[in-house]
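Each protein sequence line maps, in turn, to chains Y and B. For any residue, its number in our numbering is found by taking its place in the first sequence, counting from 1, and adding 1. For any residue, its number in our numbering is found by taking its place in the second sequence, counting from 1, and adding 1.
Just so you know, not all the hints are guaranteed correct.
Identical copies carry no separate label here, and so any pair may be met within one copy or between two of them.
To be verified - Straight-line distance between alpha carbons at most 30 Å, and here's what the computed DSSO-like set of lysine-lysine pairs gives:
1. Lys-4 <-> Lys-37
2. Lys-142 <-> Lys-4
3. Lys-186 <-> Lys-4
4. Lys-4 <-> Lys-109
5. Lys-186 <-> Lys-58
6. Lys-186 <-> Lys-37
7. Lys-199 <-> Lys-186
8. Lys-4 <-> Lys-58
9. Lys-36 <-> Lys-4
Treat the hints as calculated values from the structure; they're not laboratory data.
Given next are the chains, with one letter for each unit.
Protein chains: 2
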Amino acid sequence: MIKSLSVNLKIFRIEENLLAENERLAEENRQILGKKGIVAFNLMGGPGTGKTSLLEKTIPRLPESLPCGIIEGDVAGSLDGERLARLGVPVVQINTGSCHLDASMVRKGLEHLPLERLKIIFVENVGNLVCPAEFPLGTDKQVVVSAVTEGDDKPVKYPLMFQVASLCLLNKVDLLPAVNFSVEKFGQNIRQTNSSLKIISLSAQSGENLNAWVEYVISQCS
Amino acid sequence: MIKSLSVNLKIFRIEENLLAENERLAEENRQILGKKGIVAFNLMGGPGTGKTSLLEKTIPRLPESLPCGIIEGDVAGSLDGERLARLGVPVVQINTGSCHLDASMVRKGLEHLPLERLKIIFVENVGNLVCPAEFPLGTDKQVVVSAVTEGDDKPVKYPLMFQVASLCLLNKVDLLPAVNFSVEKFGQNIRQTNSSLKIISLSAQSGENLNAWVEYVISQCS
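Next comes chain Y alone, as it looks inside the complex (with noise of 0.2 Å):
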């Protein structure tokens, strides 16, 4: 009683045009940010996988040497934005009205940044567990941010995401007796997706294992 179909999309030129001038407005992005020796991570993930909680949990570990900015991508407002800046370090908030960012929008994240005294920049996306895979940043660490209560079929239904990625982290883990997920099943997609790709398991609202995120965020800036 199953049919499946495959639809092939049109290509458009002006699709293919926009996707390469990302990657080369991504590159120069790269570039600034290494020759001020900042180490970036864009963290992707669906809408209320607990991105921005994230954030207001780690940056409060990190140590005095490593500060931090922070490039808020959002379709519409500033609530995320505005929970951050209460850390006391410097937001740009960016609207997207899209589904993305953009290495062009970073761009302009990063000239409203005090790029001289920072050492990371985190990006958070827009929530999306589709489009921001398609458009580098000139990040160095791409970041998916899962949550046990989305299941543990996704990295298999949305794979591109999971194939960029540097590393996974499978939040909400406080909430597992609650929920039908296999953390052993979602490990399984994951390699089936993308076999070298590191997941940390953690809750940002209870604080469980957060120090082993901490610890990756600060073994990239050494």
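Given the structure of chain Y, go ahead and fit chain B onto it with the hints provided.
Below, chain B alone, put in the same frame as chain Y:
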């Protein structure tokens, strides 16, 4: 410490043409469905909000006088289509390769469903709280599925989705005691975005208040 930037996206003529062409095809779908006396629902929402689980629990509760078919949209794979086909209803699984279903894909789906003997079609869109809102499909009712695990701020962060919706299903209310979510605040955020949007709070997992949604579906078919 916060700076807000609004990024004006370049709108390409080809993109305008794409949306206009989609609108035209959606209107044709609407007429095809109308002539057959079929009521169609477009289920949208972020990844893992429980759209497939809702359909699994809804379909067995519908009367035999309302036979239904399903168009299942996913970036990749057929996990959800297989789950739904187990219910014994006709399912067309569409792999979009991209971030949303469009009206031409739904047209292809309709061609593979036995329209003569159906009264309801459920379209399950790609898990994405942004892009599907921009692409009407010709369905009668647009249903946004939100989950309490996503947080109560989603209506103001993803306004277009809540503006195009005819109904909001607030799913996973069985998890309310375990998460930081205010039903009152969510309601306020909905009213701020779309003052006439009806909300049904329920749990596909526990079955709580599922009948309110089933009754809504039946009421649309009379």
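Quick rundown of the hints versus the structure:
Taking CA atoms no more than 30 Å apart as the test, Lys-4 paired with Lys-37 passes between copies only; the shortest distance there is 21 Å, against 53 Å inside one copy. Taking the closest pair of Cα atoms, Lys-142 and Lys-4 come within 30 Å of each other only across two copies (24 Å); inside a single copy the shortest separation is 39 Å, beyond that limit. Only within a single protomer do Lys-186 and Lys-4 lie at most 30 Å apart by alpha-carbon distance; the minimum there is 26 Å, versus 42 Å between protomers. For a Cα distance limit of 30 Å, the shortest separation of Lys-4 from Lys-109 across copies, 11 Å, qualifies, whereas the shortest one inside one copy, 46 Å, does not.
In this homomeric assembly, Lys-186 and Lys-58 come within 30 Å of each other (Cα to Cα) both inside a single copy, at 28 Å, and across copies, at 23 Å. Within a single copy, Lys-186 and Lys-37 get their C-alpha atoms no closer than 41 Å, and across copies no closer than 42 Å, so neither meets the 30 Å cut-off. In this homomeric assembly, Lys-199 and Lys-186 come within 30 Å of each other (Cα to Cα) only inside a single copy, at 15 Å, whereas the closest approach across copies is 37 Å. In this homomeric assembly, Lys-4 and Lys-58 come within 30 Å of each other (Cα to Cα) only across copies, at 21 Å, whereas the closest approach inside a single copy is 46 Å.
In this homomeric assembly, Lys-36 and Lys-4 come within 30 Å of each other (Cα to Cα) only across copies, at 24 Å, whereas the closest approach inside a single copy is 53 Å.
Of the numbered hints given earlier, the model fails hint 6 alone.
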